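**Student:** Chains as they are written, first to last, in the working numbering: chain A, 200 to 416; chain B, 937 to 1214; chain C, 37 to 339.
These are calculated hints, taken from the structure and not from any lab test. Note that the coordinates shown come from a computational prediction; the quantities given were computed from them, not determined experimentally. It cannot be assumed that every hint is accurate.
What the hints assert, rightly or not - Straight-line distance between alpha carbons at most 35 Å, and here's what the computed DSBU-like set of lysine-lysine pairs gives:
hint : chain 1 : residue 1 : chain 2 : residue 2
1    : B       : Lys1208   : C       : Lys191
2    : A       : Lys254    : B       : Lys988
3    : A       : Lys254    : A       : Lys227
4    : C       : Lys249    : B       : Lys951
5    : C       : Lys141    : B       : Lys1210
6    : B       : Lys939    : A       : Lys341
7    : B       : Lys1208   : C       : Lys295
8    : B       : Lys1210   : A       : Lys234
9    : B       : Lys1208   : C       : Lys320
10   : C       : Lys151    : C       : Lys134
11   : C       : Lys295    : B       : Lys951
12   : A       : Lys313    : A       : Lys257
13   : C       : Lys53     : B       : Lys939
14   : C       : Lys275    : C       : Lys249
15   : B       : Lys939    : C       : Lys275
16   : B       : Lys1210   : C       : Lys295
17   : A       : Lys416    : A       : Lys376
18   : A       : Lys343    : B       : Lys1089
19   : A       : Lys252    : A       : Lys227
20   : B       : Lys1210   : C       : Lys134
21   : B       : Lys939    : A       : Lys315
22   : B       : Lys1208   : C       : Lys53
23   : C       : Lys249    : C       : Lys168
24   : A       : Lys252    : A       : Lys335
25   : C       : Lys141    : C       : Lys219
26   : B       : Lys988    : A       : Lys415
27   : A       : Lys414    : A       : Lys234
28   : A       : Lys259    : A       : Lys415
29   : A       : Lys236    : A       : Lys415
30   : A       : Lys414    : B       : Lys1208
31   : C       : Lys297    : B       : Lys1208
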Amino acid sequence: MKTLRILILLSIFTLTAKAQDAEPILNKLVTKLEKVKPYTVDLTINIDVEFLKIKERKAKLVYNGPDDIDINSDDFMLMPKNGAQMEYLGIIKNRSAAIYEGTEQDSKGNTLTKIKIIPGKNKDGVILANMVIDEKKNRLVKMKAFTESNGSFISEFEYGNNLYDMPSKVLLEFDMKNFQIPAHLSGDIDAVGKKDATKKETTTGKVVITYTGYKKK
Amino acid sequence: MIKLIQIELYKIFRKPRTYIGFGAIAFIVTVVNLGFLFEGEQLLGFLLDSLKDKFLLSGNLINAYTMTFVILNSLWIHLPILISITAGDMISGEANNGTFRLLLTRPISRSKLLTAKFFSAWIYTVLLLLFMISLSLIMGYLMFGVGDLIVIKSTISILSSDDTLWRFGYATLYGILSMTTVTSLSFLLSSLSENSIGPIVGTFAIIVGLTIVSTLGYALIGPAIPYLFTTYLPSWDLFFTMELDTAKLTHAIYVNLAYTIAFITFTFYYFKNKDILS
Amino acid sequence: MKKEVFLEFDHVSKQYKDFLAVNDLSFKVYEGDIFGFLGPNGAGKSTSIRMTLSLIKPTSGNITLLGKSIVNEREETLAQVGALIEKPDFYPYLTAQKNLEILGKISGVDNLATKVDEVLELVGLSERRESKVKTFSQGMKQRLGIAQTLLHDPKLIILDEPANGLDPQGQVDMRELIVRINKERGITVIISSHILNEVEQICNRMVIINRGKSMVEGNVSELLTGSRMKVSYVTNDNKQTLELLANSDFKQFVTGIEKEKLTLLIEHENIPELNNFLSNEGVKVYSIEPIRSLEEYFISMTK
């Protein structure tokens, strides 16, 4: 009986120990991100979606705080709903559990830490996020998040020598519904009566956002 | 020749029916603009549904360019009817009026007269097209301003506003070409008829008929479809793809030219030898 | 003095699909003629005139104007001809003046404005020059039709049934106008008609065609003398006069009473004798009117 109790305690300890391994890493990242003061940055957005033909778009982002971000553009602009901004800060801060999942090496041989986070409050509909963090540089490198109703998305972050150590580039990938439209509505006479059998129900969307010219506000 | 064209144009623009075309276009343009003013967001929202899941959309997609593009979409069905009202009347109208007897007993060759008539009808066609495009652009600009153009076909293209005007320029030139084919068809039917209803109905029936047959009778006339001029009436929109399909455009231009030349040649041949009994 | 042949039909035929409209037709019009082109409806008059104006191409034969072929030298010959065919149709939405200007421009008329003034004055339409043709009466259109034939100073004008749709006074005016044009301007005139009377009053020469063929061609007065003509008399008592004549040597000429007029079919040279007879019998003659119809002329010719 005693052995059993010890065993249970041990396993709880192990779990807690792992959790404790994740916690400081996350807390350190949060501390860094919370120090970020309002800034502006220029965005270049490249969208690669099978059914969407759009040239590179330019926009200006104004950051006043994690929940107060404005994006302005003269042109028509599409901004991914998930993964491009600092929403991971909210996910980390509101975590109900964080599980340390070991390490991996990137292409340059850097050791990266893998952490699984279960958000507490249903932040942005995210129910699970797998994060890869560069512990040494205190940066989020990659995140794969699963949402309740809107599929999953992957964000990869690249960094340079930026103000507040903000990312220079974000690469996004997500699944989305394919575009179907009755030909008579589009006026595409060529397509009338022809059914595109190769067209899948879903397609992968990719977006690359480049951030340049960070400035304090 | 210029004198003859002036006379024909004078006659065209003194006829009340000439203004039906301009009136109808002003009406269509106004209605589409108002429609977009009230329902545009909703319609675009519906079309962009699959994007809205994943993207926040911002900016002005309902603008002069989008309006003009939508209105140009009516080009291939509305404009031929309006063109045939005038072009279809050029020859048959004189027969119907009894004025052929005055005109063709003047010391001037039938070919010259026919050339003047064709060019006048063509000038009317060009004016009608330019009126439609400029009115769309101006009214759209006043109501919505300019912005990026969204082209929704089997794919969605968003063309930057500074990448748009040249496309409208070329689309206008192409529109002139394809409407010249329509004009020459109407002109041909006009030479065969002694009243102007025939050519109007005939032009419309041929265009709609061929379009329907192309759509529904694919199995039947499939191989012929790439060689029908009606296939290329809406091809002005080939200028609104990110990368131009030059091969298809060239083919479209050749088909239009071939039909135009055939229609005109037949008209001249037939009319030169026609016994005028009206 | 031998006059120059102005227009010549030389064995001209026009075959429509299953109908021979003009059949080997030959005749000549001389310079200065007022030439009557006569025939019942459907005789081929219209087709012949349209062939003269190259609106219709002949199937065979030649038509020459001042020696030039109408088919081969279309523009040159048309420059010498003015024509009013069938109804005088104009652009109804344009004014009289504008209609003339357009036609004059196409014909390449110099000093067009002066010319338009002149011909409008001639046909008496100067005051209505600014009115749209759609407001014109038939008579005014007919006069405008004559005006347009004169715009380019033609040497020949062809008028198709010019008295059609005109009231009696209008018909008289039209005849006077045609004679004036012929005399004052030296223009050769061809008048097509199915009314012999009309031709008789102003033409010097004529051809009569029937079923596309020439029946007779020549001098009007020569052709009509010797033939019987229908004459109507209005007397103090038509019935009594009818009885009187029925019992006289003239009984073979009496045809009856039509529209309260006593009618006779009688040779030209017998009319003075008849008048003497009536006068001697105390009949008061108020009017004598020839009512010659083409049909009756045909009948008399074949008798």
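**Student:** Indicate, hint by hint, whether the structure satisfies it.
**Tutor:** Here is what the structure says about each hint:
Straight-line distance between C-alpha atoms of Lys1208 (chain B) and Lys191 (chain C) comes to about 26 Å, which keeps the hinted pair within the 35 Å bound. Distance hint between Lys254 (chain A) and Lys988 (chain B) is fulfilled; the C-alpha atoms sit about 18 Å from each other, no more than 35 Å. For the hint pairing Lys254 (chain A) with Lys227 (chain A), the CA-to-CA distance comes to about 38 Å; that exceeds 35 Å, so the pair is violated. For the proposed pair Lys249 (chain C) and Lys951 (chain B), the alpha carbon gap of about 43 Å is over 35 Å, so the pair is violated.
For the hint linking Lys141 (chain C) to Lys1210 (chain B), the alpha-carbon distance of about 24 Å falls within 35 Å, and the restraint holds. A distance of roughly 76 Å separates the Cα atoms of Lys939 (chain B) and Lys341 (chain A); the hinted pair therefore is violated under the 35 Å criterion. A C-alpha spacing of about 51 Å is found between Lys1208 (chain B) and Lys295 (chain C), which places the hinted pair above 35 Å, so the restraint is violated. Distance restraint check for Lys1210 (chain B) and Lys234 (chain A): the Cα-Cα separation of roughly 91 Å exceeds the 35 Å cut-off, and the hinted pair is therefore not satisfied.
This hinted pair does not check out: Lys1208 (chain B) and Lys320 (chain C) have alpha carbons roughly 64 Å apart, beyond 35 Å. Taking the CA atoms of Lys151 (chain C) and Lys134 (chain C), the gap is about 13 Å. The hint holds against a cut of 35 Å. Proposed proximity of Lys295 (chain C) and Lys951 (chain B) is contradicted: the alpha carbons are some 48 Å apart, above 35 Å. The hinted pair formed by Lys313 (chain A) and Lys257 (chain A) meets the criterion: a straight-line CA distance of about 33 Å does not exceed 35 Å.
The hinted pair formed by Lys53 (chain C) and Lys939 (chain B) fails the criterion: a straight-line CA distance of about 38 Å is larger than 35 Å. At roughly 42 Å between alpha-carbon atoms, Lys275 (chain C) and Lys249 (chain C) are farther apart than 35 Å, so this suggested pair is violated. Simply put, Lys939 (chain B) and Lys275 (chain C) have alpha-carbon atoms about 68 Å apart, too far for the 35 Å limit, and the pair is violated. Between Lys1210 (chain B) and Lys295 (chain C) the CA atoms are separated by roughly 47 Å; this puts the pair beyond 35 Å, and the hint is violated.
As the CA atoms of Lys416 (chain A) and Lys376 (chain A) are separated by approximately 38 Å, the hinted pair breaks the 35 Å bound. Our distance criterion of 35 Å between C-alpha atoms is met by Lys343 (chain A) and Lys1089 (chain B), whose separation comes to about 33 Å. Using a Cα cut-off of 35 Å, the hinted pair Lys252 (chain A) and Lys227 (chain A) is violated, with the two alpha carbons roughly 41 Å apart. Only pairs whose Cα atoms come within 35 Å are accepted, and Lys1210 (chain B) paired with Lys134 (chain C) is accepted, the gap being roughly 28 Å.
As the CA atoms of Lys939 (chain B) and Lys315 (chain A) are separated by approximately 85 Å, the hinted pair breaks the 35 Å bound. Restraint check: the Cα-Cα separation between Lys1208 (chain B) and Lys53 (chain C) comes to about 19 Å, which is no more than 35 Å; the hinted pair holds. Pair hint Lys249 (chain C) plus Lys168 (chain C) does not hold up; C-alpha atoms about 41 Å apart against a cutoff of 35 Å. This hinted pair does not check out: Lys252 (chain A) and Lys335 (chain A) have alpha carbons roughly 40 Å apart, beyond 35 Å.
Between Lys141 (chain C) and Lys219 (chain C) the alpha-carbon distance is near 27 Å, which keeps this suggested pair within the 35 Å criterion. Restraint check for Lys988 (chain B) and Lys415 (chain A): satisfied, since their Cα atoms lie roughly 32 Å apart, inside the 35 Å limit. With a CA separation close to 15 Å, the supplied pair Lys414 (chain A) and Lys234 (chain A) stays within the 35 Å bound. Between Lys259 (chain A) and Lys415 (chain A) the CA atoms are separated by roughly 13 Å; this keeps the pair inside 35 Å, and the hint holds.
The suggested pairing of Lys236 (chain A) with Lys415 (chain A) holds, with an alpha-carbon distance near 7 Å, which does not exceed 35 Å. Taking the CA atoms of Lys414 (chain A) and Lys1208 (chain B), the gap is about 78 Å. The hint is violated against a cut of 35 Å. At roughly 54 Å between alpha-carbon atoms, Lys297 (chain C) and Lys1208 (chain B) are farther apart than 35 Å, so this suggested pair is violated.
Consistency with the previously given hints fails for numbers 3, 4, 6, 7, 8, 9, 11, 13, 14, 15, 16, 17, 19, 21, 23, 24, 30 and 31, ordered from lowest to highest.
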